Structure formats: structure tokens, C-alpha cells
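J.: Given the sequences, and given the hints that come with them, work out the whole structure.
Single-letter residue listing:
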Amino acid sequence: MEDFSVFDIIGPRMTGPSSSHTAGAVRLSHIARKIAGEDVAEAAFTLYGSFAETGKGHGTDKALVAGALGMDPDDPRIKEAFDVAREQGIPVSVEFSDQPPKHPNTARIVITGSDGHVTDVLGESVGGGNILITEINGLDVEFSGEYPTLVIQHDDKPGVIAEVSHVLAQLNVNIAFMRVFRHGKGEDAYMTIETDQPVTQEMQAMILRLCSGINKLFAV
Amino acid sequence: MLLTDAFANGESLRRYCLENDIPIYEAMIRREVKLSEQTREEIVAEMHKNLDVMRASVERGLNSKVESVSGLSGGEALKLFKYGKHNPFSGYTACRAAASSMAVVEVNASMGRIVAAPTAGASGILAGALIESGRQRGWSDDTLVEGLFTAGAIGLIFAKNATISGAGGGCQAETGVAASMTAAALVEVSGGAPVQALDAAAMAMKNVMGLICDPVAGLVECPCIKRNALGAVNAMLCADMALAGITSLIPFDEVVSAMYAVGKDIRVEYRETARGGLATTPTGKAVAQRVKRLQGNE
Chain A
-13 MEDFSVFDII GPRMTGPSSS HTAGAVRLSH IARKIAGEDV AEAAFTLYGS
37 FAETGKGHGT DKALVAGALG MDPDDPRIKE AFDVAREQGI PVSVEFSDQP
87 PKHPNTARIV ITGSDGHVTD VLGESVGGGN ILITEINGLD VEFSGEYPTL
137 VIQHDDKPGV IAEVSHVLAQ LNVNIAFMRV FRHGKGEDAY MTIETDQPVT
187 QEMQAMILRL CSGINKLFAV
Chain B
10 MLLTDAFANG ESLRRYCLEN DIPIYEAMIR REVKLSEQTR EEIVAEMHKN
60 LDVMRASVER GLNSKVESVS GLSGGEALKL FKYGKHNPFS GYTACRAAAS
110 SMAVVEVNAS MGRIVAAPTA GASGILAGAL IESGRQRGWS DDTLVEGLFT
160 AGAIGLIFAK NATISGAGGG CQAETGVAAS MTAAALVEVS GGAPVQALDA
210 AAMAMKNVMG LICDPVAGLV ECPCIKRNAL GAVNAMLCAD MALAGITSLI
260 PFDEVVSAMY AVGKDIRVEY RETARGGLAT TPTGKAVAQR VKRLQGNE
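So the protein lines, in turn, are chains A and B. FYI, the numbering for the first sequence is -13 to 206, going by this note's numbering. FYI, the numbering for the second sequence is 10 to 307, going by this note's numbering.
Please keep in mind that the hints were generated in silico from the structure rather than gathered at the bench. Keep in mind the model is a prediction, meaning the values are calculated, not measured. Glycine residues also receive a C-beta, built at the ideal position from the N, C-alpha and C atoms.
What follows is a set of in silico ranges between Cβ atoms, one per label pair, in the way DEER data are often shown:
1. Asp61/B - His89/A: 31 to 39 angstroms
2. Arg72/A - Thr289/B: 33 to 41 angstroms
3. His152/A - Gly200/B: 55 to 63 angstroms
4. Thr289/B - Glu66/A: 32 to 40 angstroms
5. Glu46/B - Asn201/A: 33 to 41 angstroms
6. Asp182/A - Ala270/B: 33 to 41 angstroms
7. Arg72/A - Asp30/B: 53 to 61 angstroms
8. His89/A - Asp150/B: 37 to 45 angstroms
9. Arg168/A - Ser266/B: 39 to 47 angstroms
10. Phe167/A - Glu263/B: 40 to 48 angstroms
11. Asn158/A - Lys43/B: 19 to 27 angstroms
12. Gly200/B - Asn158/A: 46 to 54 angstroms
13. Lys294/B - Asp(-11)/A: 37 to 45 angstroms
14. Ala148/A - Lys43/B: 34 to 42 angstroms
So these bits of chain A aren't anywhere near chain B, every CB distance computed over 10 angstroms:
15. Asp25
16. Gln74
17. Gly75
18. Pro86
19. His89
20. His103
21. Glu128
22. Ala148
23. Glu149
24. Gln156
25. Lys171
26. Met192
27. Leu196
T.: In C-alpha cells:
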């Protein structure tokens, strides 16, 4: 992050106590909610490493619940997230694991949608409220949520990537970073596209309409 | 000197300000306008929002007894604030600024809303010292916002050339940097020149160089809250020294480099891991055990 904004130094406005253990946790879980299509009927969280060690004192458990409910890192209700979940009739569970993670501040977020569909997201809080999503439904991915991000689940066949990037070019959306991942040759594949401009709902619909081989698309 | 190069270090910032005959905060605002492609009004309005949240966090911590999630802290800002009315050793102004700084970090520990400056753990210093100084001297919100931009410029140079995280460089990188930022802000808002602001920033860092990050139970409470009180007073003292005409023998940029080198040399036990210092004293360990037992509940 070479080009710091003054608001990276004086800011962010956030609910305490920790940018990594609270604000970062809210962001992780909020992104998981978006990947689940904003449809959260039930949510389960597992905290690893330093999240598990000191998560209770930092309110990491509350932060994760808050993010899954759609709250942002400066929401004053983060502290009451468990009560808010109860009021909304969303069962939540939190587990503190002693399994050693790759990164000290790691959480697994498993969201069940109203149709029973399960979204399983693994992410890391890498410091200063910044995060990294490292796994979606068992597939290794990598994006930070710093930029508007498209997560596209697609068929592993020639041409899909070219079509998507072509449509984005037509829409005048510049791709900052792009990565592709797959379970195996010809199997389920994901691409993550981080862009300089936001990809609006109309643009997302256009990508779905014009590109073949796309199974699912989420904007984060 | 181009605006894009002005924030490479303290010396380039000083030269840019001199060539254009502007204070540091003005250079900071111009850079942000250029970088963000937003208007000056939007950027200044955004900083006013930060000031509002800062002030609300000071007031909340001074007017009520807030309690942290862990139960380890809370209410001490209020105690110092009340005591400070009756001839404290550190003086009325310093004592109130210290109490204000503690108030913010207590609010932070209670899962209240704060503005990281540059981090959540050091969020009390700039808010406490600037707002309390402004209250006593009748500074307008616009003036306080200018001070926040000055502070941001100093923090930016530390972030680019060193580190502003406890995990990266110990407590000097958090409460030390915050005190540097605040000292520079107080100098500029009081009419001091950019060179004096940089001297104040250099002196504040020199005073706490090497300070380790050893949070008890890994939480942003002990010793963080009281170190914010110290940071506020450190900043005010260094602002006074710079305004009195005292200079730093070691220039600001060299202090930043030294602080970074020291930060990297600080063993990992003393960089936010809670594996050394106060965190591993018998009492520190007992407190950590007690906090850990909280995990099972809810």
C-alpha cells in the first residue's frame, strides 16, 4: 500500500477495540455475506490462532456475527450483535479452535441460505482492518476486498475468461487484478476480478446475459 | 518540487511547503484531492466527520464510566478528569488532555466508536490532546480539522518510510507515531512553521524510541490506555519545545529511519504478541488466564 490516503492514517472510523480483531473480522464476515448473496438464514463461525486466543476480549465473535448480519466496521450495534441475530431469528454459533492456522488471525464463516445452500468462506485479518479471503467452498482464492471485486463461479472451458473481460472492457471497467482457480481440469472454477470502477447491478446482469458458462456471480 | 514527491519524507515536505509558501496541512489536502479525485470540499467534510467521532468518544469517556468487554479497564479517565480540577502535578491542561486520551481508548476497549489515529490502540493521543487544546484556546472546528491533516501528513511519512503497527515496530510505532503526529499538529495550529512542526514530531518520537508493545492478555487495554495519556503529554511538551525555538539535533527523517531500524530489532515477543514484557509478568499471565476463561461463556 504505497499510496496511503490521509484517511488510512486518520481513520478508519470504527467500533473498537482492534482494527485487526474487530474491524477486520466485521469486514471478513460481511464479505462472506455478500458471497452468500446476502441471504443468511444461519451462520457458524470458527476462530483460529490469535482470533481464538484473544477473540473474546476483542469482541471478535461479536464482530463476525455483526458482519454476517450486514453491519459495517463502524456500526455501533456490533457490541449487541448476538442480540440482533436473535431478534432477526438467525441462529449463530461460534467455536474457538485450537488448530494452528496459516495466518494467526483466521476465521471460517459458514453461511446457510434460506434454501439450505451453504457458503463456506475462509479469511484472514492481515492488519489495520485489511483482510484477505483465501477460500470459498473449499477452493483456494485470494482477494482483499480493497477494490470492487467480482467473484464468478464458472465452467472450466475455453473462452469464459475472454468473454467476461470483453464485457468489462465494453462497460469501461478497468481490471486491476484478476485470478482464476479451479478444483481440477474441466471441473468447477472460480475467477476473482478486482476492478478500479464499481460493477453495478445492471453491469452484473449484463455479464450474466452475455457470457456463457457462468454459474454464479457475486459482487463484493 | 512536485506534489507527488512532496510526501517522500520530511525534508521534501518541508521544501514543498517552503516553495509554495503553505503549511503542511494545505499540502496534505492538495495531495488527497489529487490522489482521490474528489473535491477539496468532500475531503474536508470527510475529515470533519472524523473530528465529530473523535469528540464524541472523548466526551463519552469523560462523562460516564465505560467498561471494557474483558472487564479489565474503564472509569479511569473519569477519575483523572475529576482529580485534574484540583491542582494536579502535571498541570490542568496536560492532565485534562491525558484524561481525554484515556477516555478514547477506554471507549475503544468497550467496543465503542473511535477514529484510528494511526491505530485503534493509539487513538486517544491526537483526539485527546488536540480537542482539549482547542477547547482551552477556542479553536474552531475548521482549525482542528487543519490540525488533523497536519497529523495525517506526519503519520503518512512514518507509514511510507517505517511502520505504524505494533506488530511491525512495537509501541513506538503506535503511541510514538501518534505523539509525533499530534506534536506537529499542535505546532501548526498554533502558527508554527513546517520546520518547527517537523522538529516537534522528531522530538516526540525520540522521547519514546524503543518502546515495546506488550499488551496484557493481548488486549488493547493495559498498558495501552495509560500510554495514550503519556503520548498526549509527550506531544504537548514537544510542541511547546518546538514553539520555544528548541530544535531536534537529529533531523526528523533520520529519527524515522532510526525508529524503523529499532522497530525491526525489537524481538517478536515484544511486538504485540503478548509473549513478553508486562504480558508475561505473574500478574499479566494470571489476567490472561482469567480472560481466556471468558471464551467458554456466552
